[in-house]
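S.K.: Each chain is listed here by its residues.
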Amino acid sequence: MYLTGYDISILRFTWGVIEDILNHSKSIKSFNIRVREPRDLDPGQFIMLWIPGLEEVPLSPSYYDGSLMRITVMKRGPTTEAIHRLRIGDRVFYRGPFGNGFKVSNKGRYLLVGGGYGASPIIYTAHKIREYGYEAMYVEGVKTESDALFIDEAKSLGLDTILVTEDGSSGIKGLVTDYIEEVINEYDYLLGCGPEGMLLKLLELCNRYGVECQLSFEAIVKCGVGICGSCELYNTGLLVCRDGPVFDSRILSRYLGGV
Amino acid sequence: MDLRVRLGKLELRNPIILASGILGLSGSQLRRVGEYGFGGLTTKSYTIEARRGYDTPILAYVKCGLLNAVGLENPGYRELARVRESLKDVGIPIIVSIAGSKVDEFTTIASYVDELGFNAIELNLSCPHVEGMGLELGDDPNYVYKIVSGVSSIVSIPVYVKIGLHRDIMATVGKSLDGGAEGITAINTIRALAIDVYARKPVLSNVYGGLSGPAIHPIAVRIVYDIYREYGIPIIGVGGVSSWDDVIEFILAGASAVGVGTVIASKGLDVVREILDGIKTYMMDEGFKELSELIGYANK
Ligand SMILES: Cc1cc2nc3c(=O)[nH]c(=O)nc-3n(C[C@H](O)[C@H](O)[C@H](O)COP(=O)(O)OP(=O)(O)OC[C@H]3O[C@@H](n4cnc5c(N)ncnc54)[C@H](O)[C@@H]3O)c2cc1C
Ligand SMILES: Cc1cc2nc3c(=O)[nH]c(=O)nc-3n(C[C@H](O)[C@H](O)[C@H](O)COP(=O)(O)O)c2cc1C
Ligand code: FES
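Chains B and W are the protein sequences, given in the same order.
The first sequence begins at 35 in the working numbering and counts up one residue at a time.
The second sequence begins at 6 in the working numbering and counts up one residue at a time.
With the rest of the complex left out, here is chain B (with noise of 0.2 Å):
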């Protein structure tokens, strides 16, 4: 952790072209960008995207081929806003990819969960889980059956999919966590993204039922390459930027104790 190298020129910008744009929900869109240069990205990593005049936002993508990337992006203030209004050949800027994406190279059974737009690294795990030919189930926890993102996607990745909701519209009806508890004893790992309640939860059935995870953690991205100093998780001197965005079970137990 944080001892090894890093190649600071991924703090050069470029760019991509929007080739597509998917309407989710009413505060959720997906951009399908066509880049300019490869740089090799994992799922979880994340880039900065910035919109010149406003801010750079970092955003974990929810699919990429070297080629093609998707980025799905939750309204929330006003460069989600910006972002939300770029139509249809307009170029985007970004730099990255930066930080520790989810490691997927232990042959095993994957319990695979995102919450609202924190799905969208999960995905793009899920696509390199099936290129690996590993076992997983995809579960996806919204608010209300109109909020789902990648349901289809992942049935026609072929993984066992579920989809619950907390109104009961469709799927399962209650809480992620709640569904995970019933399920996570058949599995060996899991890897979560979402709000952060979801993500103590999950840390702590998964320290309960002794399975390892991988969780993805957001805080204020100012750098992007530890030294700012603005992204700490809680006070534990870790860095979601460089240390994360993705910890596991070993390093939050260590740092987090019992939170």
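I should point out that these hints are in silico values taken from the structure, not numbers from a laboratory.
Everything hinted at is true.
Taking lysine to aspartate or glutamate pairs in the DMTMM-like style, the calculated list, with each CA pair at most 25 Å apart, reads:
id, chain 1, residue 1, chain 2, residue 2
1, W, Lys272, B, Asp282
2, W, Lys272, B, Asp74
3, W, Lys68, B, Asp41
4, B, Lys63, B, Glu179
5, B, Lys207, B, Glu187
6, B, Lys141, B, Asp194
7, B, Lys137, B, Glu230
8, W, Lys206, B, Glu89
9, W, Lys93, W, Glu40
10, B, Lys235, B, Glu246
11, W, Lys272, B, Glu252
12, W, Lys68, B, Asp74
13, W, Lys272, B, Asp76
Given the structure is predicted, the values throughout are model-derived calculations rather than measurements.
Given the coordinates of chain B, assemble chain W with the ligands onto it according to the supplied hints.
M.R.: Using the frame of chain B, we list chain W with the ligands on its own:
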């Protein structure tokens, strides 16, 4: 092999110091950094009020280093009590960097820092991208004297003045020493600009930023050399260190300690170990037993 150095009143187990603004925002960050073998740590520059810092992008990549315009983000000086608390047992000197725009801001923070039991103070009179809180202060030797003498007269710990590329560097240094500074930290980043050729706009939200990294190293070496030659005082050399030989170069020019910053982005915190190993090998090969023999050697 003895890597210990004296920096004025401070004893350092080795000369490598974490430069201000690199992971020094919280006690937990400094604690973690402290595990990597540094001889001393400098905090981020603290101000009276908390500062959110500038919008992103705050960092720009250039071929010869980095530009940053963080905007002196910090939680405000009151937070230093908690920083101190979490650093109680780190066992290496902690230097608190202070930024401000008026004399009383510097003195208020400095007396608090002294009270909390930190080891030294660094007055940041050279931030190149926050108006009224940096470079202009250091450009005005009379104001430098006011700030430094105001602070030095009320604290018991050593005071260092961090300088940049000022109009008349020797005047700024001279007035700092007249005001009671024990030594100088040289240098801060240099005001610069980067434009993205496809966006056709400045990369940094603040437009201007401070250049750090290899590009500024020879300039920093020149300034350290000149200050040592003129005044022979304790100096922390900072600017563009990327490996052990840059550290030796600073020491030969007259630095007693050497700050590292930007290289941490590319090499990670383990760079400290790499640098210390390099220094040891060099001393062995060249027949030096004590690193302190080398301070100012090129100046003799
Ligand atoms: C590693 C990582 C991956 C992410 N991936 C995605 C993704 O795939 N899709 C997606 O929709 N969102 C993602 N986010 C969140 C996204 O970056 C924020 O929603 C976005 O920065 C908000 O910016 P804004 O200007 O629209 O809103 P603002 O009004 O500026 O902020 C709204 C909220 O967003 C958060 N935020 C603001 N600035 C930052 C910042 N620089 N870094 C992190 N969070 C910030 C804060 O919690 C803030 O309260 C990710 C965040 C991180 C850290
Ligand atoms: C991201 C960043 C933030 C910095 N913040 C501060 C600061 O708050 N106060 C300060 O005195 N210097 C600050 N500096 C300047 C460094 O302490 C150092 O003087 C400069 O970067 C040159 O050293 P380097 O080339 O090893 O990075 C900052 C530098 C960087 C890169
Ligand atoms: S965003 Fe600067 S350290 Fe992580």
